[in-house]
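Visitor: Residue numbers 747 to 916, in this note's numbering, belong to the letters of the sequence shown in order.
Quick caveat, the hints were computed from the structure, so don't treat them as lab data. Glycine included, C-beta positions come from ideal geometry on N, C-alpha and C. Mixed in with the good hints, there may be bad ones.
To be verified - Dumping the calculated SDA-like pairs for lysine to any residue here, alpha-carbon to alpha-carbon at most 20 Å: (1) K822 x A846; (2) K873 x T863; (3) K898 x I823; (4) K884 x R850; (5) K873 x W831; (6) K916 x G852; (7) K898 x E864; (8) K853 x A914; (9) K916 x A888; (10) K822 x N809; (11) K916 x A843; (12) K884 x I815; (13) K845 x S812; (14) K887 x S856; (15) K884 x S812; (16) K887 x T849; (17) K887 x K916; (18) K898 x P801; (19) K853 x K887; (20) K884 x N911.
As the list claims (entries may be wrong) - Here are the computed distance ranges between Cβ atoms for each label pair: (21) L837 x S868: 28 to 34 Å; (22) G874 x A806: 16 to 22 Å; (23) S868 x E838: 31 to 37 Å; (24) K916 x N867: 27 to 33 Å; (25) A806 x P871: 20 to 26 Å.
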Amino acid sequence: MADERCNLKGKCHKVDSYPLPNAFRSVCFVQLLFVGLLFLSATACGLKTERRSIPAEVEAAINAISEDIATDRYEKIYNEASELWRQDASLEQSISAFKALGTRLGKVESRAVHSATEQHNSGGPLKGDAFIITYQTKFEKASGMETFTLVKRDNRWLLARYFVNSTALK
Numbered sequence: 747m748a749d750e751r752c753n754l755k756g757k758c759h760k761v762d763s764y765p766l767p768n769a770f771r772s773v774c775f776v777q778l779l780f781v782g783l784l785f786l787s788a789t790a791c792g793l794k795t796e797r798r799s800i801p802a803e804v805e806a807a808i809n810a811i812s813e814d815i816a817t818d819r820y821e822k823i824y825n826e827a828s829e830l831w832r833q834d835a836s837l838e839q840s841i842s843a844f845k846a847l848g849t850r851l852g853k854v855e856s857r858a859v860h861s862a863t864e865q866h867n868s869g870g871p872l873k874g875d876a877f878i879i880t881y882q883t884k885f886e887k888a889s890g891m892e893t894f895t896l897v898k899r900d901n902r903w904l905l906a907r908y909f910v911n912s913t914a915l916k
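Hey, can you work out the whole structure from these sequences and the hints?
Guide: The following block contains the structure:
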């Protein structure tokens with residue numbers, strides 16, 4: 747079978763073209779389907795969902811933690827945090843870090859949700875359900891980003907990690 751092809755300058759020439767056999771098309775489709783399924787199965791081990799809203803129980807946990815930070819109840823935060831928090835830092839290290847943040851940044855004046863990600867992990871340190879919420883935060887002395895990582899243990903949302911990023915901390 748021959749087709750006539752023309753380039754941009756108007757020159758035309760005949761080109762032999764052969765349609766792909768149906769068997770070849772089927773093999774390509776199966777290979778593409780296999781690659782797609784492989785990709786989906788690889789990403790399914792740690793599903794992440796960007797959220798527009800934060801569930802009430804997660805928000806309540808963050809509000810309680812924030813209130814504890816604002817009133818210097820650092821030991822309470824440590825004792826009620828998840829095992830991940832206590833594995834990463836001792837009580838003394840936690841208290842020291844919270845005091846340093848309070849001294850350098852001051853208390854939280856306002857915050858707005860920057861991102862909220864829900865995760866369902868089959869393994870790793872955040873195994874199970876987790877929420878990672880990042881806020882654009884205005885402190886008394888500076889602005890920064892606060893990130894709360896909460897994990898669900900025994901139907902309760904517990905603090906696993908807390909980060910603050912601000913130029914005032916450099």
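Visitor: Each hint: holds or not?
Guide: Okay, the hints, checked on the actual structure:
The hinted pair formed by K822 and A846 meets the criterion: a straight-line CA distance of about 17 Å does not exceed 20 Å. The suggested pairing of K873 with T863 holds, with an alpha-carbon distance near 15 Å, which does not exceed 20 Å. Restraint check for K898 and I823: satisfied, since their Cα atoms lie roughly 16 Å apart, inside the 20 Å limit. About 13 Å separates the Cα atoms of K884 and R850, which keeps this hinted pair within 20 Å; it holds.
Distance restraint check for K873 and W831: the Cα-Cα separation of roughly 14 Å lies within the 20 Å cut-off, and the hinted pair is therefore satisfied. For the proposed pair K916 and G852, the alpha carbon gap of about 15 Å is at most 20 Å, so the pair holds. Our distance criterion of 20 Å between C-alpha atoms is met by K898 and E864, whose separation comes to about 11 Å. Using a Cα cut-off of 20 Å, the hinted pair K853 and A914 holds, with the two alpha carbons roughly 14 Å apart.
For the hint pairing K916 with A888, the CA-to-CA distance comes to about 12 Å; that is within 20 Å, so the pair holds. Restraint check for K822 and N809: satisfied, since their Cα atoms lie roughly 14 Å apart, inside the 20 Å limit. Restraint check for K916 and A843: the C-alpha separation of about 14 Å stays at or below 20 Å, so the hint holds. A distance of roughly 15 Å separates the Cα atoms of K884 and I815; the hinted pair therefore holds under the 20 Å criterion.
In summary, the hint linking K845 to S812 is supported, as the alpha carbons are separated by about 14 Å, within the 20 Å threshold. For the proposed pair K887 and S856, the alpha carbon gap of about 12 Å is at most 20 Å, so the pair holds. Taken as a hint, the K884 and S812 pair is honoured in the structure, with Cα atoms around 13 Å apart against an allowance of 20 Å. Annotation: proposed proximity of K887 to T849 holds, straight-line Cα distance about 9 Å (limit 20 Å).
Between K887 and K916, the direct Cα distance comes to roughly 14 Å. Compliance with the 20 Å bound is thereby established for this hinted pair. About 12 Å separates the Cα atoms of K898 and P801, which keeps this hinted pair within 20 Å; it holds. Pair hint K853 plus K887 holds up; C-alpha atoms about 8 Å apart against a cutoff of 20 Å. For the given pair, K884 sits about 12 Å from N911 by alpha-carbon distance, which is consistent with the 20 Å threshold.
In this structure the hint that L837 and S868 lie 28 to 34 Å apart at CB holds, the actual value being about 31 Å. Checked against the hint of 16 to 22 Å, the pair G874 and A806 passes, with Cβ atoms roughly 19 Å apart. Distance hint check: the CB atoms of S868 and E838 are about 34 Å apart, consistent with the given range 31 to 37 Å. A beta carbon spacing of about 32 Å between K916 and N867 agrees with the range 27 to 33 Å that was offered as a hint.
At about 24 Å, the beta-carbon gap between A806 and P871 stays in the expected band of 20 to 26 Å.
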